[in-house]
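These two chains come separately, so use the hints to put the complex back together.
Chains as they are written, first to last, in our numbering: chain A, 1 to 214; chain B, 215 to 477.
Derived by calculation from the structure, the hints in this document are not laboratory data. For every residue, glycine included, the Cβ atom is placed at its ideal position computed from N, Cα and C. Careful: at least some of the hints might be erroneous.
Said to hold, decoys possible - Straight-line alpha carbon distances no greater than 30 angstroms define the calculated DSSO-like cross-link-like pairs of lysine-lysine that follow:
hint, chain 1, residue 1, chain 2, residue 2
1, A, Lys111, B, Lys414
2, A, Lys7, A, Lys113
3, A, Lys181, A, Lys127
4, B, Lys414, B, Lys356
5, A, Lys127, A, Lys111
6, A, Lys181, A, Lys133
7, A, Lys156, A, Lys181
8, A, Lys133, A, Lys30
9, B, Lys356, A, Lys133
10, A, Lys113, A, Lys133
11, A, Lys113, B, Lys414
12, A, Lys113, A, Lys30
13, A, Lys127, B, Lys414
14, A, Lys127, A, Lys113
15, B, Lys356, A, Lys156
As the list claims (entries may be wrong) - Some, not all, of what chain A presents toward chain B, calculated at C-beta under 8 angstroms:
hint, residue
16, Gln27
17, Gly36
18, Glu85
19, Met93
As the list claims (entries may be wrong) - Computed Cβ-Cβ distance ranges for the label pairs, DEER-style:
hint, chain 1, residue 1, chain 2, residue 2, range
20, A, Trp20, B, Leu466, 33 to 41 angstroms
21, B, Leu413, A, Asn38, 49 to 57 angstroms
22, A, Gln132, B, Arg278, 31 to 39 angstroms
23, A, Gly21, B, Leu413, 50 to 58 angstroms
24, B, Arg278, A, Trp20, 56 to 64 angstroms
25, A, Gln27, B, Gln377, 30 to 38 angstroms
26, B, Val463, A, Lys133, 44 to 52 angstroms
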Amino acid sequence: MNILEIKDVVSGYGEVQILWGSTLNLQVGKVTCLVGGNGVGKTTLLRTTMGLIRPWQGSIHFEGQDVSRLPPYTKADLGLVLVPEGRQLFTDMSVVENLEMGASNIRARSKMKQNIERVYEMFPRLKERTGQKAGTMSGGEQQMLAVARGIMADPKVLMIDELSLGLAPVLVLALFESLRKLRDLGITILLVEQNVQMALAISDYGYVLSEGTN
Amino acid sequence: MGLTLIWGVMNVINLSHGPIIALGMFGSYLAFIKLGINPYLALFLIAAAGLLLGIVIYMVAVHRVINAPHLSSLLATFSVNMIIIGLGTAAFTTSPYNVDFSMGQIQIGSTSLLGTRLIAALVAMLVTGSLYIFLYRTRPGKYIRAVANNRAAAELMGIPSTQILALSFGLGTMLAAIAGGLIATFFPFSILSGGGYELKSFVIGVLGGLGNPVGALAGGLLLGVLESIIPAFMEASWVPVIEFGLFIVILLVKPSGLFGAKK
Ligand SMILES: Nc1ncnc2c1ncn2[C@@H]1O[C@H](COP(=O)(O)OP(=O)(O)OP(=O)(O)O)[C@@H](O)[C@H]1O
Ligand SMILES: [Mg+2]
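Only chain B is shown next, with the shape it has when bound in the complex (with noise of 0.2 angstroms):
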């Protein structure tokens, strides 16, 4: 959601995705076992070092690039992606973590849930909603979009875009750390682990349809039925290379995604 906000909005690829997933999870982790801090109020730390961090990262590696072709923003995101890798690895290694937090479980039929996860999704539900009504019915979401469909027109109607693209580039590093800080609660971690969810992330987009924020939650849905659905047919390893192969299909068959984004 985060990526595909930041691609909606300023047309870059953000390589460093990944490695924020990966912070949001070592910031649950030092907020739980460190501070003591429940996983889902740290969300709300999380989220506001995502933001700063986000505009950060847009004002240092981003904003020189915006215009540039897509390799320069590629290659300057994924700059930032081995800083935020190196200095993890020297902070954390790059052996595993885990948050040691249950909310139970719940037993439907055979198969039973995770109490973790099932808040997961209804957090990322609730996300998804929230962002979608910050973009169409709060005055700073209206500028994003704005900003989005045509920047020139934005400055000339008083629109200071810099400080609009920075703040999409917040969000979406916000919600990655979000999403980082979730999937923390019911799965271990390392500073590396973020590169798979990265690699999701992007069939997500394509899914979803890059650039649409519904398409993208329905896009990962999609994508979460698929995941369960399949090991009960083949081997699990089998996963990835159906989920990328729809991925490539999709691409050539309809490249605005499966809901339809803009452009």
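Looking at chain A on its own, in the form it has when it is part of the complex (with noise of 0.2 angstroms):
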């Protein structure tokens, strides 16, 4: 069964259009990743998805809702979650509070408490550093608080563009195994990738982006 699917979908930027029809489904329960080159629109489509930019044309289906018009914290407040490119943390705001924060959406609220004690057990090092500005903390402490956020963000589907990017192998191994327990829980994840060979890895589906169709 598909959790999601987007189809044909179109966008860009202003005038200039980057995804000329791309088509995914995401299978529940499962670990899908996306791979392509540099600047061919991976995160371009993920941003379509959650609405941060609206799609021309397509449509976007979550749970069998059309939600292609629906704003980013609508989506949220469903269960479809991005952990963006950046990590986009609240640079200024402590490592509880991001958490916190991650928590916003209407379902993630009253399961505060469980998922933050689920997100420490699965990144001790968040635990000791709580009252760390999020913006002081190392890149890979970052990006563990960015996953980190969007778990707590309660999700049915987790959108992760470059988990790896910029850490040591290690952590990567380390956070693609604490993915592998979150799709053990239910939880449907797509991951884009720049580091092919390990995304496959742990991976049940596979597409590849290239020149904004698919």
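Here is the structure:
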């Protein structure tokens, strides 16, 4: 069963068209990965899926519901969550506040306590640094926090853009291991990766995006 | 403080700040003279009206230009400024009013302190304290900080950023209205007198670091101290010259403000 269906999506920035009809389906409870060269539009596809940019054409269905025109915060309420490229943490806020903000959507609020325990178990490093400003943490720690914040959103579908970027291989392996655990908890995952071999190793399905179509 | 909140959250310089201070003053006047409400109780009404007015101004005038270059938002808030002054002039003319209300005075050595001023200072501190607690301890307050810090990320996490921005603008306006309601208890005022206070707010905001509410209070205290000390050494008319001189020096030397705002 597909939990997310992206069909013939066309979009871009201003006048510039980037996606020329992209289609991608996510099987519920599986890890899917999306690879493709630099600048082909992977991030653009994720941003369009979340509603940060409007699709020009095509449709996006989440759990059978047409969500093509919904704003990002409503999609987060439904359980569609993106860990964006470049982390986009709340750099002026503390680690624990970032985690709290992750649990802003209506589904996640009541489960905050439980999810924070889960996240600290996965990333003990964060537990040691709850009071530190997110912007002052190391790159790897920030990446952990970005993923942790996504998990705090209690996602049904978790999309992660460039998880491994700038991280030591050991850490990447550990993060992939955590993702596998998440999948076993029933969370559907979409990985966008440059690190093709590692990504394919943990994925159940793979897509290649080339020249904006696939 | 309201000015600095709005700047901090949405990078909009709110030029309608002054007339809203003036509206706060008239709010206090109307409540006291026409309805016989104690000016301090009236602050609650003024605060609520300020919050609503701010949200309306945001939705009507500011929302559309929030991502536009600064000039657009300056013009938009300046238009709101002109509209309020125009309507206010029609309703109250530009002649001075005052709220004839006294809380006695306290004698400290050779200087005497008006009770109304003392209470105003206390209320200002109370409001700053509450604002701080609101921003750092409550969920909506943290949403405001999150949106200020990274609007797109806030949206991705499920925070409806437009509502949060409207709330922030409403709070900023509320603070200006409260300031007006307080000032009205000890100074005469007209619909135009907000302008002078708006300029002072800029100086204070820059002193304390725009976007930093506690810095704004500290900046305000500093300015207050300066204003009372300068006349001891020179003509009182030099006060604004010194203030704005200081303003420019700080902008040049430490643009993030004495108490270092973010960015
Ligand atoms: N805000 C923007 N305005 C205009 N063009 C943009 C914008 N963001 C991205 N682009 C362009 O869109 C194209 C696709 O970018 P996108 O970020 O989606 O690529 P990507 O597949 O994620 O690449 P990478 O693997 O390097 O992250 C690029 O040519 C890029 O220059
Ligand atoms: Mg990308």
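Now the hints, each set against the structure:
no.: 1; hint: A:Lys111 to B:Lys414; result: violated (46 angstroms)
no.: 2; hint: A:Lys7 to A:Lys113; result: violated (37 angstroms)
no.: 3; hint: A:Lys181 to A:Lys127; result: holds (19 angstroms)
no.: 4; hint: B:Lys414 to B:Lys356; result: holds (28 angstroms)
no.: 5; hint: A:Lys127 to A:Lys111; result: holds (18 angstroms)
no.: 6; hint: A:Lys181 to A:Lys133; result: holds (28 angstroms)
no.: 7; hint: A:Lys156 to A:Lys181; result: holds (14 angstroms)
no.: 8; hint: A:Lys133 to A:Lys30; result: violated (34 angstroms)
no.: 9; hint: B:Lys356 to A:Lys133; result: holds (14 angstroms)
no.: 10; hint: A:Lys113 to A:Lys133; result: holds (21 angstroms)
no.: 11; hint: A:Lys113 to B:Lys414; result: violated (45 angstroms)
no.: 12; hint: A:Lys113 to A:Lys30; result: holds (26 angstroms)
no.: 13; hint: A:Lys127 to B:Lys414; result: violated (44 angstroms)
no.: 14; hint: A:Lys127 to A:Lys113; result: holds (13 angstroms)
no.: 15; hint: B:Lys356 to A:Lys156; result: holds (25 angstroms)
no.: 16; hint: Gln27; result: violated (23 angstroms)
no.: 17; hint: Gly36; result: violated (22 angstroms)
no.: 18; hint: Glu85; result: violated (11 angstroms)
no.: 19; hint: Met93; result: holds (6 angstroms)
no.: 20; hint: A:Trp20 to B:Leu466: 33 to 41 angstroms; result: violated (51 angstroms)
no.: 21; hint: B:Leu413 to A:Asn38: 49 to 57 angstroms; result: holds (50 angstroms)
no.: 22; hint: A:Gln132 to B:Arg278: 31 to 39 angstroms; result: holds (38 angstroms)
no.: 23; hint: A:Gly21 to B:Leu413: 50 to 58 angstroms; result: holds (56 angstroms)
no.: 24; hint: B:Arg278 to A:Trp20: 56 to 64 angstroms; result: violated (31 angstroms)
no.: 25; hint: A:Gln27 to B:Gln377: 30 to 38 angstroms; result: holds (35 angstroms)
no.: 26; hint: B:Val463 to A:Lys133: 44 to 52 angstroms; result: violated (30 angstroms)
Consistency with the previously given hints fails for numbers 1, 2, 8, 11, 13, 16, 17, 18, 20, 24 and 26, ordered from lowest to highest.
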